[in-house]
Amino acid sequence: MFTYTLPILVIPALMFIFLGLMDNKFKPMTSGILGTIGLGIVAILSYIAAYDYFFSVGLIDGIYQKIIAFNFEWLKITEHLHIDLGILLDPISVMMLVVISTVSLMVHIYSFGYMNGERGFQRYYALLSLFTFSMLGLVVATNIFQMYIFWELVGVSSYSLIGFYYTKKSAIAASKKAFIVTRFADFFFLVGILLVSFYSETFDFISLTNPENNELIMKTAGLSFLGISVLSWGMMLIFMGGVGKSAMLPFHIWLPDAMEGPTPVSALIHAATMVVAGVFLVARLFPVYYLGTPEVLTIIAYIGAITSLFAAIVACTQTDIKRVLAFSTISQIAYMITSLGVSGLAGHEGLGYMASMFHLFTHAFFKALLFLGAGAVIHAVHSNEMSAMGGLNKYLKITNITFLIACLAIAGIPPFSGFFSKDEILVAAFHSDKILFACLYFCAGLTAFYMFRLYFNIFWNDNNKEYEHTPHEAPFVMTFPLIFLATLTCVCGFIPFSHYVSADAMPFETHINWAIASASIGVALIGIGIATKMYFKKSEIPDKVADTVKGLYTSAYHKFYFDEIWVFVTKRIIFEGISRPIAWFDRHVVDGFMNGLSWTTNFVSQKTKNLQSGLVQDYVTIFIGGALVIVLIMILI
Amino acid sequence: MNVPIEAYLIVSTIMFFVGVYGFLARRNLLTILMSLELMLNAVNINFTVFNRYLFPGQLDGFFFTLFIIGIAAAETALAIAIIINIYRNIQNIFVDKVNNLKH
Amino acid sequence: MAEQIIFYILAAVIVVFSILSVTSKRILRSATYLLFVLIATAGLYFMLDYEFLAGVQISVYAGGILVLFVFSILLTSHAGDKEKPRHWGRLLAAALTAVVGFGLCLYIILNNVFKVANQIWQEPTMQQVGQTLMGTDKNQYLLPFEAISILLLACIIGGIMIARKR
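Chains as they are written, first to last, in the working numbering: chain A, 1 to 637; chain B, 638 to 740; chain C, 741 to 906.
It should be emphasised that the hints constitute simulated quantities derived from the structure, not laboratory data. Please note: incorrect hints may appear among the correct ones.
[Stated by the list, open to error] Only some residues are given here: those of chain C computed to face chain B with a beta carbon under 7 Å:
hint: 1; residue: I754
hint: 2; residue: S758
hint: 3; residue: V796
hint: 4; residue: I813
hint: 5; residue: Q859
hint: 6; residue: L891
hint: 7; residue: G898
Every residue, glycine too, gets a C-beta built ideally from N, C-alpha and C.
Make the full structure from the sequences, and use the hints.
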């Protein structure tokens, strides 16, 4: 039935190999067009799959079925435990297919303009294909090990895309940082997988997340380690992987630096797809978290809320427009994580789950739009710094409007899509935990503030700014994705999302809770109002405000010194306290022992090699002498 | 049987170790080979003496001697073939020149 | 008594000529001394009543092997060639090895009590020798005989292969 989903994975993989091996044999445009056509086919197939799944096949007896479209047993470890490669279709994976292929297609098209004339154009498209392939593989994974494989692939392709400008030192440093930090978190993920699969004896998602008679929960019941149950350890470790990929505290440090990559890449990887992998992971294993380890789910919710608040505050002070967007991404993803953390499983209880997925869906489009808009701005003024911008509304008409739409969406102003998803999240948080709700609510206001600070600083503020080269609107290949995504941002909020995605796969009805909705609109409007007052026209107010809360401002500007803390921990404690003694031990004791062995061998052989004279008589003398000694010994005994 | 067995054995032992000395001390491959013949002869004498004095009813020593003589003949023929071949290659047959495997 | 005198003469011949054989500087003389040693050995066999063995000793060693030696000496050396003396260390080592070995063996021989059998000795007849050599029963030697035959064959072929001109 769904066998046509296989090309969704195969086409980008082949495209990567093809473009990667062709080594600049084509004109840049040809390779770009090839990549884009491949991605177009993938997108069309994804839409067909989504239509088939949601409207004709998926719903049986009121429940969206989990359909294995393709399965291949790859590594058999034991009778039960085998690593498969396959395609699992269920509401969230189908939704992710649509999101990834849409955003990826837009980025492919946009890159024609943005990357025009860059060196390594073909490499860029090859890597984009690789990334798309691995991300698609991740979301359709039938088992947790396949997910892990693609998880790492995603990390690798992200690494090579961040380091795309490999002649730039900062880009190399950023790519290494991203890879090492996420890889470090992935280590915990792997340990978690091994722990969980050791007890459940399966990697398979369907049996792992079976809500009734869950074998994993039954088998680990009563087992504990250091006072915490084994299942909690396992699920916590798995979540650590998600923390790394989704840039939650304290592993968020790589994401702002990852903005060294080309802007369309940031839009694809660091806004819409890869960074939501952590959210997707928790959603995938949600029944286990909810039924088996509710305490871990609470921790997840709090990590999300704290991260969200932290990132929002930092975003208010950054001056690099891409970094502002990066922190806003962290904040929004933390929103989704919190929402998952407060969710229940059945029916209306599962509002948080559904809201999280809904926000993932809408956020992907408007955040990609924001990044692509920022890309268009950077394309026009050749700088990332706010101070180099201002008054661009005169020059970049289309970018201005689409950027405004995206800002309104992320601020949560109806009728744009962000409002609907954010409102559901706030409702879910309100019904579960008032502290979390307060956090998120405050965050919503901050979001509106920093987004409009960004918007005004780019497009208004210094209206009479002189530019060396007059900025000009981007070409159509770049504005088309902006317009398309802006359209999506306007309409996709009206999708009755709860009909399609829910924690227990059963459609349910949601209504907008107007009390909370109006409160959130209110706080957003206040945020926008303050931002307008401070930044719409050039004024002294921002500096004055910064002076009054100087301590907070400086520490927020330095991202609350997280990078410094990490550097301290790694450099001072791990490098000097642990690695250096180990290196010393290795160099002097281990190597010394080995060198001593070789030296001794060499010495002895130097001394004894004269015995090997090549003269038969010498050998015979020694041989007879030895025989005589043996005889002598036998006589004496 | 008027000669004690020890007398025979001492003679053969002297012969054997003279052979050993020759084997170790001489330079010419042919004299080395002759020393080898001396040693074989000493062994032969031992075999026959033991057979004659200790086990007169059996013929083991006798036949061993016979076989050793046969083998010695074969071995000498072969060794001389090799020595002549060496002579052809390096124009002498001194054992201290035949150490090419060392290098 | 006569037997003892003959033995001591033979023993003296063996000892003296074997020492001369390994110490002589002229290789052709070495070969000649060796011939004397071999013939004296044959004499010992006669004394022990192994007439067949003595015959074999003379015909194979003195008649066959020695001739081979003489031929090869003539092929590989020139008249009047003298071997240069070797390094004294080597000579000393060789002499020491020989003397120590001789000492050890002497010690063993003189300390060992030989149980000399009192059985009456009968010279093996030719027929007996032939049957023992060709039989397959206990104390019969067909298998070694065949092994020797094959060895000889291999030696013939090997000798031809090694010595032929390339």
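With a cut-off of 7 Å on the beta carbons, see whether V796/C makes it to chain B. holds, 6 Å
Would the hint on I813/C stand, with a C-beta cut-off of 7 Å toward chain B? This hint holds: I813/C lies near chain B, its Cβ roughly 6 Å from the closest one there, short of 7 Å.
Interface restraint verdict for G898/C against chain B (beta-carbon cut-off 7 Å): holds, 6 Å
Next item in the hint list is Q859/C. Is there a CB on chain B closer than 7 Å to its CB? holds, 5 Å
Just to be careful: measuring from the Cβ of L891/C to every Cβ in chain B, is the smallest value less than 7 Å? holds, 6 Å
Double-check S758/C for me: the hint is only fine if its C-beta lies closer than 7 Å to a C-beta in chain B. holds, 5 Å
Verify the interface restraint on I754/C: the C-beta must sit less than 7 Å from at least one C-beta of chain B. holds, 6 Å
In the structure shown, no violation is registered for any of the earlier numbered hints.
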